[in-house]
Amino acid sequence: MLPDKPFEDALKNQSLGPMLSKAASVECISPVSPRAPDAQMLEELNTKPWYQGEMSRKEAEGLLENDGDFLVRKSTTNPGSFVLTGMHNGQAKHLLLVDPEGTVINKYKN
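Quick note on this note's numbering: the sequence shown kicks off at 1 and runs consecutively.
Derived by calculation from the structure, the hints in this document are not laboratory data.
Predicted model, so just to flag it, every value in this text is computed and none were measured.
Any given hint could turn out to be false.
As the list claims (entries may be wrong) - Straight-line C-alpha distance at most 30 Å; calculated DSSO-like pairs for lysine-lysine:
| hint | residue 1 | residue 2 |
| --- | --- | --- |
| 1 | Lys48 | Lys58 |
| 2 | Lys93 | Lys48 |
| 3 | Lys74 | Lys93 |
Build out the structure end to end from the sequences listed, making use of the hints.
See the structure below:
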């Protein structure tokens with residue numbers, strides 16, 4: 001949960017992937033089957049202040065307080081996938097992380 005502008009920039013660049021709003025079904029499953037993250041990647045992610053591990057949308061929304069706050073979490077509905085959750089205009093938004101070819105991102109890269 002770092003107040004900054006990256007989340008607002010991600011919202012402006014919707015070509016990065018589909019945005020999941022509160023109205024989206026929690027039962028929605030991605031058609032892409034990403035590989036599960038490996039132990040080394042998860043160990044590295046756990047050192048990042050913005051990474052919160054596996055949590056529900058509701059739990060993530062409870063951690064956001066101000067516009068620009070954001071976190072990255074493991075998806076509970078798309079195993080092996082990651083979601084960027086952030087506050088924008090007083091409302092929580094959820095972005096499934098997808099690379100430019102439409103593949104769900106499941107590897108952390110510096």
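Against the structure, the hints come out as follows:
| no. | hint | in the structure |
| --- | --- | --- |
| 1 | Lys48 x Lys58 | holds (21 Å) |
| 2 | Lys93 x Lys48 | holds (21 Å) |
| 3 | Lys74 x Lys93 | holds (15 Å) |
Violated hints for the displayed structure: none, as all numbered hints are satisfied.
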